[in-house]
Amino acid sequence: MCYVMLYCPGAWETMSGWITSDAEAAMLDRYRSVARRQIQWMREEGEGVMEGGGGGGMMGAEGGNGTERCRNTVQGAARVADDRGFVCARADVEASGCCAGAGAAAARRTRFACDACRVADRGYGKSSSAAAAAECCDDFETCVSCCMRPDQKEALLRVLDTTRGHRLRAILSARDQFELCTALCRTSSLSVRHENKYRDERAKHCFVHDEAVV
Amino acid sequence: MKAQELWDMGLKGQGVRVGVFDTGLGETHPHFKTIIERTDWTNEKTPNDGLGHGTFVAGLISGTSEECPGFAPAASIHIYKVFTKKQVSYTSWFLDAFNHAIMRGINIINLSIGGPDFTDRPFMDKVWELSANGIILISAIGNDGPSFGTLNNPADQMDVIGVGGVNSEGRMARFSSRGMTIWELPDGYGRAKPDVVSYGASVLGSALDGGCRVLSGTSVASPVVSGAVALMLSGIEDRTLWNAGVVKQALIEGALRISDSAASIFEQGAGSVDLLRSFKFMRKYKPQVTLFPSHLDSLDCPYLWPFCADPLYAGALPKIVNVTIISGLSVSSRIEEPPVWEPFSTESANVLRISFSYSPQIWPWTGFMALFLSVNSEHSSYTGNVSGRIRLTVVSDHFGEKRRATIAFPMRLRIIPTPARSQRILWDQFRNLRYPPGYIPRDDLREKQNPLDWNGDHPHTNFRLFFQHLRADGFFLEILGEPLTCADLSQYSVYLVVDPEEEFFPHEIDLLENAVNKNGLNMIIFADWYNTKVMEKIKFFDENSKEWWTPETGGSNIPALNDLLSRWGLELADTIIEGNATIGDLHSSIKSGTVISRAPAGTHLSYATVNDITDEIISGDSTLHKSINAPVFALLRNNATGSGFVSIFSDSSCLESKSASFESCIPLVDILIDAAAYGVPHSFCDLLITIPSPLIPLFPPPLRSDLSKHFTVISSVVENFDHNKVTYRTLPSCRTLPLADPFVVENISYPGDISDRNHEAFARVVFSPRVSSINNQLKMENMMPKGGILLDSSFNSTPQPGLIYPFISVLAFFILFILLAKLCRWRILSKARILATRIL
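Read top to bottom, the protein sequences are chains U and E. The first sequence begins at 1 in the UniProt record's numbering and counts up by one. The second sequence begins at 1 in the UniProt record's numbering and counts up by one.
Pulled out of the complex, with its shape left as it was, chain U reads as follows (with noise of 0.2 Å):
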């Protein structure tokens, strides 16, 4: 599975010995670059079906002999979003992790979930186009479906070209939108001002950062 080192856990093994600070940051620029490339987008069409083919075996996204497999985001009190952009209430996640989409489930989860998500100085429910717009939601299980939608490929690669210092180190180890997402997601030192207050108490949860605050 470990094929670029990247990817692998335990490749950082190997650089612990050696950490500093400037040479770390050179690494993660190095690396930038090859995520850009390694990074498995959501496409336009079908249920949890990356870009890029073979690769999307591994995140367990869909099995083929009709086993379907989801990772999702685990955190939520009362809600899961899951690796194809789904959200769903606890009770409608399957034992494979997905959310459900038999029956009555189908119709309580929502793929994709903006409705929850504002671009700065725009409100709610609008559409992410705008290069330097804030995109942000007020939970983190939206705030990942939202970001899953495969239109939203271009900012998130804007996200990957622009976040600097230690934020990257978080985000360079994504193989795909899901993980990007899970990652983008999580509120961070971006989050807050004054260190303990958050800058937007209500849509906390952002996958683009205005740009005045990266």
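I should point out that these hints are in silico values taken from the structure, not numbers from a laboratory. Note that CB positions come from ideal geometry on N, CA and C, so glycine has one too. The reader is advised that the hints may include incorrect statements.
Examples of chain E residues toward chain U, derived with CB under 8 Å [to be verified]:
| id | residue |
| --- | --- |
| 1 | Asp96 |
| 2 | Asn99 |
| 3 | Lys546 |
| 4 | Glu547 |
Here are the computed lysine-lysine pairs in the DSSO-like style, where the Cα-Cα straight-line distance is at most 27 Å [stated by the list, open to error]:
| id | chain 1 | residue 1 | chain 2 | residue 2 |
| --- | --- | --- | --- | --- |
| 5 | U | Lys197 | E | Lys539 |
| 6 | E | Lys86 | E | Lys448 |
| 7 | E | Lys286 | U | Lys197 |
| 8 | U | Lys197 | E | Lys85 |
| 9 | U | Lys197 | E | Lys86 |
| 10 | E | Lys448 | E | Lys658 |
| 11 | U | Lys197 | E | Lys537 |
| 12 | E | Lys539 | E | Lys319 |
| 13 | U | Lys197 | E | Lys45 |
| 14 | E | Lys286 | E | Lys402 |
| 15 | U | Lys197 | E | Lys709 |
| 16 | E | Lys45 | E | Lys33 |
| 17 | E | Lys518 | E | Lys448 |
| 18 | E | Lys546 | E | Lys45 |
Take the given structure of chain U and dock chain E to it, following the hints.
Coordinates of chain E only, in the frame set by chain U:
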């Protein structure tokens, strides 16, 4: 700690990823063989340790030195440097480093750090997020003991394993911070913390220079537990059990009460960690629920202090018990049906009244159930014990599987006849405001160590000695966390207000005036300093939040007290004094107190020759204090029949000292409470000066500070100040909770041995998965962080029938304030000591 037995099984912490969030670690330290990664999140540009704290902590977890070995030498160690060698740290550094730990699939995070601010939402939300992702957080409870109300965040969070310290004899270490949590005050009641204790005094660990050294502190106790948990987990193949819920259950159920028989649950938590018992608990684990505390028993003293010291009686304000719920069913579970009150007899059903409040959602892994206990008013002369249990069912949706588990909370409660009015005292907790979130300054201006008033000012925290004294004298203290409209003032002999920061509603003042003048209530006030220039002087720039911090009030809120006292022609000044006073024949110290500036004719006053330090504090010039002779105590009696007295003392710090100490003013309270019950003794009055005409005001009263920018945000009483004109909020309605219907269960009695958790009084029902759920476990593992493995499947665990030791823990009214800034947000929790003891 019985680590040897696990080592002998071949367990060394292999396959367990431990994140050490501390001051870093050098790359070539000879004690470490399993450092996977070192990252620096500070501005020092190196992950190396410049202080030695991080090295010591990492050594306790995974050091391989023979002289000072760690618990889990084969655990994979991830060093996160989040503190500089100057002990500087920021929330934002933690946020990014924590995110990285989630990404890395860290299993255990050790946080030998802490601070008093439990309102830093970005940080606390992140801690919950870590737990919700399966990371087990183990954190030092703080080194601010032996005073109570000194818990540190994040160890005080429900989902975090908060660790206190014991010495090598297994007795409480003096420095270890103690409960209760003060988030829930004033209207609720705190949770019991720490969760467990372990060795924290004079422990040998790795030193910066490659040798070994000795340190003490809860900073030491925390990695002892982190290392022990890493060791234990390497013997648990089922990785779905590697989470904060199950591990907390295992530590609490496995812990044994310490030999220090005086230590209560608010000091030792569930007791000292017993690695082998916890390990066996995990080996046999079935999804279940644990309560902490596990039970309530008036006879289980002093462990269940203060509950065991404080009987129930009819007419009292409800006693609140805050029980923490730990659910191992899933990261998120819920209480769908209210808890069920099941008395063990019809008599118990008739006598005891119970109401509940609880968190409907138990996330991450934890929640609370608060019990409000009172006695049926028809049983005001009842004497005896009542018993019963509260049965609680928790359900969860766990990846396509409905999980359900039941647990009960057995209770045996002492009921006494309603005491005479003369024995009953009303304590005003509603009048207390504290840090966090507001900058409520210290009461003793000479105390430079901690600029904040942060211990809750509660009879069970920093005024604990006073509470115990009153109980020993046979008085009953009822704690009011709501406005005075919510208590029947005619039931009490004394209304006691100590160090108030909150304002009074005008209607409350009317009620008090009437109760004192016409209904025999006696009002005893212990004030503190207030001076707007001093408040201006002690503002400071908080390096953490990059904001100026200005006190919201003085040591106490004298303008608010003066509004109340004006009804009796009394007034307090903005002069700040210190020294010793003699009231009658009683001594007391005054640390930054106030003086009485107005009093009507007939008031009995006590003067003291003290230092006026107002100018000294303002100017910082230590020569500027001057000796004055000023009234520091007033006792005003109204001669009308049926009226009570009003008394004021200059300072409140004196109530925190032991009654026997020269500094204490507890003997003064004794006299006053006796006077309230039986009349003011002439012998006492004769030693005071009775003024024939109104006091000539020599000291000016303070106006409300216009510096207090946030007071109206943190106050429940005041909405707005405008040029000293006050706009009040609407009086809140008093708490009413529905009474739980009793469902008598026959043939069950209170357990003879409370440690027998299989006793039917615990009604324990664990969740038994159907066979098909094996699939879920596989899936879950797929989603959870990966790691190495474990041990030979031939590993043989000894069957341990009575080991399951359910239950544990306590409440929370998540009063999560919009926070202000914080200061001294985190400190590293260690102390240097000389004597060495090896752990294990």
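Those earlier numbered hints the structure runs against, lowest number first: 7, 12, 17
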